[in-house]
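Chemist: So you can see what is in the structure, the chains are spelled out below.
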Amino acid sequence: MDYDVLVVGGGIAGMESALTLGDMGYSVLLAEKEPTIGGKMILLSKVFPTLDCASCIATPKMASTFHHPQVTCMTYTRVKNISKTARGTFQVALDRQATHVDLDKCTGCQKCELACTVAVPDQFNFDMVARRAAYIPFPQAVPKKAVIERHGTSPCSLACPAGVKAHGYVSLIRAGMFDEALELILEAVPFPGALGRICYAPCEGVCTRAELEGALPIRKLKRFAADHYYQKHPKPKHGPPKKKQIERVAVVGSGPAGLTAAYHLARRGYSVTVFEAAEKPGGMLRLVPTFRLPPEVLDRDIANVTALGVEIRTGERVEDPAALRLKGFKAIFVAAGLPKDRKPALEGTDLANVVGALGFLRQAGSRERPKLEGKTVAVVGGGRHGIALDCARTACRLGAKQVVLQFRRSREELCIFESAIDDAIEEGVTIQFHRAPARLVGLGDKRVRVESREMLAGKRDVSGRILPGSAGKAAEALDADLVVLAVDQGADLGQLKGELQTAGMKTLAVDPRTLETRVPGVFAGGDVVSGPSSLVEAIGTGTRAAACIDRFLRGTERTPVELPALPAVDPKSVLQRQARYSRLPPAERGKRPAEQRRADFQEVETGFDEAAARQSAARCLDCGGCCECHQCIAACPADAIDLGMRDREKMVEVGSVVVSTGFRLFDAGLKVLYGHGRFPNVIDAMQMDRLLSPTRPYNTVLRPSDGKMPDSIAYILCTGSRDCQVDNPLCSRVCCMYSVKQAQLLMGALPMADVSIYYIDIRAFGKGFEEFYEQAKAMSVRFVKGKVARVEEGEDGKLILHYEDIAGGGKLARAEHDLVVLSVGLLPNQEALGLFSGGVLKPDPHHYVHEVDEDHSPARTSIDGVYVAGASAAAMDIPDTILHSGAAAALSAAYVERLKR
Amino acid sequence: MSDQLRDPREIVRDEMFMRDRVLAALKEGPKTVPEIAEAMSWPVHEVMFWVMACRKYGLVAEIKDPDGDYYQYELVEKEG
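Note that the protein sequences, when read in sequence, are chains E and V.
Using the numbering used here, read the first sequence as starting at 1 and increasing by one per residue.
Using the numbering used here, read the second sequence as starting at 1 and increasing by one per residue.
If we strip away everything but chain V, and leave its shape as in the complex, we get (with noise of 0.2 Å):
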């Protein structure tokens, strides 16, 4: 992990670029952060940021039963 992290702010700001991409890896079937990370070929911290975004507009939920350490997110359906 590099010594000098990104500005939170410019984390943040990316996330109207990046959510697509997030959601992208997810349609595939639930994932960790490190694997939704994995699928973007991204750091894992920033992908932290996107995913807790999507997760408090409603975009994904975690699934109930964590999978060991790691708790796996899904895309939520938009209802109609």
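Just chain E, with the same shape it has in the complex (with noise of 0.2 Å):
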């Protein structure tokens, strides 16, 4: 056995058994689902009727249970199942949740809380006042540390292939701050700037929001982080870092992926060199037009690589790769892309004014660019990502008179921005979908016939993707002053082989799971290797083989190298938090008129403005919880916080348990008729113990509606208990007796007001009880017998209402109070009646734990050497519940004794 009891649940009924069994020389294991000790009574403001503070009472409970040498406290852990072994034992498997906090270094300085940029409601405050997603519960939590709330990773941070934390910028630039927020994306990847115009936006697919009115615009906000930070700084704040590794490592190409390995292998501290057979530096960035990604964009993001002391060497074509080692490089990373047009398989490629979209568009954003003037221009095919429709575009701007693109496939096929068809339509491109040429001939002017067909529309494969169509009728023929073939690129494996090893005559093979190729010490990603991909998987590539190449540098085990996240967050999971939501629609995309974009080669898209970014933001759900923007990392003093912390499972083998897992409150919002919930100085008792209570919420008892002092608050008494219409005829023996107290407690805090207790009959049965109640009337306390039918809200936030006057004859009466408090009844909590399996742990007909013998054996319940203590077996009061707990505690050491013997 490794405990000789589990106590589970650490409320008062918990902390008493396990203190009382600790003191008897038990070893106990008490388990709490919450970060600290305590339940609902360090919540209270005082107990009745004693009126002593209830912080004073649990709060040397709480330490004297955590630091008892006999008590092992694991707070945040769930107790999954509870089965019984044939020796009378329980196996109890236990799911200790991640703090993310190391507990042995955190100091409860609550930095972390502080700097933390995610409101969440205060459960502990019962929702009327925010904390953060890292948090301390409250001020006299045991034990006082952080915890940081994961639900899992947010989906837009997860699908990012470069490892970009979407929620996490989101999240900072919803809170004001910019710079932090760019830094984040730093964190990750040096071309925030490209990615904030040209990404395709997976984070944007799976944004949650857009199961209500639509994505959060991502993409556009980190464009805004982007420009935003480049203003105030276009120089890169960051030099090279101050710890240096001697080793030099050499990259072939200075595209997304090569510039991103080089990025994080400096980032490292090692010397990295760059070769680029071109003239300026980015690659396929280069051939972007600048109407999508203006040329000083990303000459600044590559600012962001060559600030750590990486040297670009542009000019310089790498023959053979492999031979750099002979140079004194320990590493090399090929990430020579795909530069060169490859021509489909059409009779008439050759001819004179046929060029493929590569060249095209290299020449388009040369000093020689194509004179098309009054010209004719027909392209033919997609390309990756649209670049189709880059050549088209990019042809109006240069004054072609017609623009023609051919593709064989539909629209949802074309580019996966939808917004560039409908740009490039808007600029006078014709598009011809499910056309494709069958050949073309020279006229001997120059100029070009396009013979196209029709093709008819494919079937869907297995994995959803269209087919492509067969060829149908011959279509109208096009006559072009240039042709512009979108179809295919290809790497240019010719003076790249050397000793590396090709993957099907048209990339370079690699290990897929360390990137190295057959050559040891030369890696190879990005494009040339994977085929055409997208700019961030590209940069996600480029991440991975920095990671990789400094594995094998270091000597270390070179794979698996993942990127450790959370699984994602359900997206019904995330909706279901709320119960409802208002509608907000996202921000216009926002462009420049077609009519002037045509006549330029300025940026097409607009950007955001604080204001507009900061709303823009703020329609995020924080579906993880965490949104993982590192300000909690940043701001701790003990180096305390880890989000690679994962949840872990843990077995224990114990000899008898104790069930105190408590009680649930009714939850007032069913009682629609009495308005919580739409009213907003409709509360409950809970919220109002809360505003009682030292660590209260507000600075006193105030209004939620507006902040005022209430002049007169009333209580309705019996809300959700001897109430068949909710389902629960039982009398919850506390509600008369706490809302005497906080009626008593109200004419201390608010001495000017007015206090009226709407009640069926008091129920004060307890020892002195009835002195309690008496001191109350005797204090001006207004009781009413009358139940209460409805609560409207008047002017000015005043609540009115309706009861049947009992005691006046039973009229219809009305009354006007500021503040409504509903004195809400007590639940039993079913979860532990689920715990077990082997045996089953009965519940009594109104749903709490059964006492099989109740008379002469309290707290036994239907499996033996399992007792329940507390309010999981009835609802009761403090005292009670610490008797019943004496019992419960009891009981259990005989069971140990008779497992001993």
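I should point out that these hints are in silico values taken from the structure, not numbers from a laboratory.
All C-beta atoms in this analysis are idealised placements derived from N, C-alpha and C, irrespective of residue type, glycine included.
Keeping only pairs whose Cα atoms sit at most 16 Å apart, straight-line, the calculated EDC-like set for lysine to aspartate or glutamate is: (1) Lys-27/V - Glu-74/V; (2) Lys-56/V - Glu-113/E; (3) Lys-56/V - Asp-127/E; (4) Lys-371/E - Asp-481/E; (5) Lys-280/E - Asp-299/E; (6) Lys-798/E - Asp-69/V; (7) Lys-64/V - Glu-74/V; (8) Lys-33/E - Glu-149/E; (9) Lys-232/E - Glu-610/E.
Beyond 10 Å from chain E on every Cβ pair, some chain V residues (computed): (10) Lys-27; (11) Glu-28; (12) Gly-29; (13) Pro-30; (14) Ala-39; (15) Met-40; (16) Ser-41; (17) Trp-42; (18) Asp-65; (19) Glu-74; (20) Leu-75; (21) Val-76; (22) Glu-77.
Please assemble the complex out of the two chains, which come individually in their own frames, going by the hints.
Modeler: So, in structure tokens, the structure goes:
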């Protein structure tokens, strides 16, 4: 046996049972699902009828329990299953939830909470005020340690192939922390400007907000962060890292994969040299038309790399990458991309005025732009990520009279950027879907006739992808001055192969786990390995390559190198967190008028200003809880934050079990006519207890509607108890007295206020209760015998109660109050009933844990060795709970003794 | 006041977005919650959430003596 007794739940019943057993010398494991023990009692203001401070009683008990030498407290721990063994002991499966904070290091300074950018309702203040995703439950928490609430990885962050914490930077933008947002992006990638403009944004495709009225504009928010930062910091703030490694690394190719690898290797301290055959660095990014990616933005992105000390040698073609080892480079990363146009198997592609898309875009971006004024241009194909559209739109800007794009598939397959198709059409491009050239014929005057056929729509394969359709009838021919072929791209393998191996003659072969080629120390990645990929995928490969090369150089195990992440949060569970949602339409995309766009190469899409960016970011639903903005990591002086921490399962064997999972409170919103959740000034009694407690959410008792000190407060007793309409016929035993308690405390907090208690009958059955009731009457608390039918809201947030005035002869009456408190009843917490396998923990007719011999052996349950303590068995007050817990502890000890004999 | 309040989680989530507006309203001097709401042109009961969160995290504090039925809140000067 690992422990003599397991106590499930760390409220007053659990603590009392654990302390009693511990004092008797038994080893006790106390499992509590919250990050602190103390249960509901620690949240109360005072206890009745003595009006002793609840904190003053509970806090020492919490400390005694936590520090008791015989008691082991496991907070933030759920009991998943308990099964009885043949020996009479119990096997317990525990889920130790990750706190994401090293509790040994955490000093409880709360700096992580102050730095956190995610606000959520504070459950310890019953949603009346915010807490943070990183939080310490309350000042008297035991243990007083922070936890970071993570439900999983936010879908947007998990979807990013480059590992950008999308939720994190969205949250930082929402909070107005724009520099921090960009710096978070720079932790993952050096290209925020480019990604903010031309990323296909897989993050937006999985945004939970899309289930409501549309996804967040996550890509544009990244652009905003980049533009804001770059304007403020024309040059990078960072310089080379202080810590240096002695090894040198060569990177062949300065496209997104190569530069990202160089960036991350340089951040790790390696000396990196990038070799680029072209005049300027950037690879394929240089061919993106300036109306989509301004060159100064790309230059500033690349400056993020060079600021780390990375040397980029342009105009230097590497003939044999493996040979670089002889020049002192300990590792080489080949990311030479796919710089060559590949021609389709089509007659006429060698004609003079037939060019490839890459060649056309290269020339269009040079000083010698093609002269197309008054010309007809045919663009054939789609190309990767709509490169055909780039060509067509460029041709428009170069003055072409007519631009026709022929694409053999459907609109949805042309370009992942749906908006780019509309932009192109607005700018004058004619797009012919389901049309493919059959051959190209020279017309003698350098013009080319494009003879095409209509294509039939293809069927979908098992993956859902639409297959190319077969050729149909001949279409009208098009005579063009220039034909641009945007069909395929290839690697320049003739230059690269050397000792390297190719895969199917098109790309380089690597070990997919390590990205290493067959030549030790030579790695390859990006398009030259994968074939055409997106910008963000190429960047992701660069990040992986840097990690692989780092492992290679450090001589550590090279596989696997995957970014660890929690599973994605289920969007359905996110949407279930709220009862209702406001409709918050996405911001307009924003672009310049088509007439203007046709006349220049200036950027088409406009960016957000600060207000629009924050407003757009504020639509985020914080799916994952913690947004991974890393502000807590920066703020923690003890280096205690560990976002890589994961839940752990633990099995223990115990001799006996005490169930002390407490009670639930009735949801006041279910009494619809009382207005809880509809009128801000209708609260429940637990909320009022918080308002009266020393750690209250407001500075004193105030109306939630406007912060006014209420002059007149009404209590409605028996809300959700003794009420068959809500299926709870039981009296909750505590509501009368806690209401009387609160009324007396209100008299002290607000001496000028009137307090009225609307009751059916007052049940003052316990020791000192009747005197307590009389004391309240003597203090001028007004007791109104009458059943309240409904509550309405009047002027200025006042509330009108309609009630049956029983003492006044049963007539209907109305009264006006500033604040209404619903004295909600106690309900059984049925969680414990489902914990056991191999035996049934039977409920009583009201769904509390059944005490099989309540009169002679209270606390005994239907499973021998399992005992129930406190409000898990029935609604009861604190003194009764303590008595009951003692009984459960004694029976549990006796059972353990029987086991030991 | 509308019959249907926004979900508290939604209001609380907006705190990070609205907090600067609360603080901006208090730059002119101490205000009650309804006065802050008026300066922001925003429903008072929602502003109440954000003012109390600002108070909880030490950005604003109440002035000791209330102005009639209402407390006034002021910015807390940060050290340094």
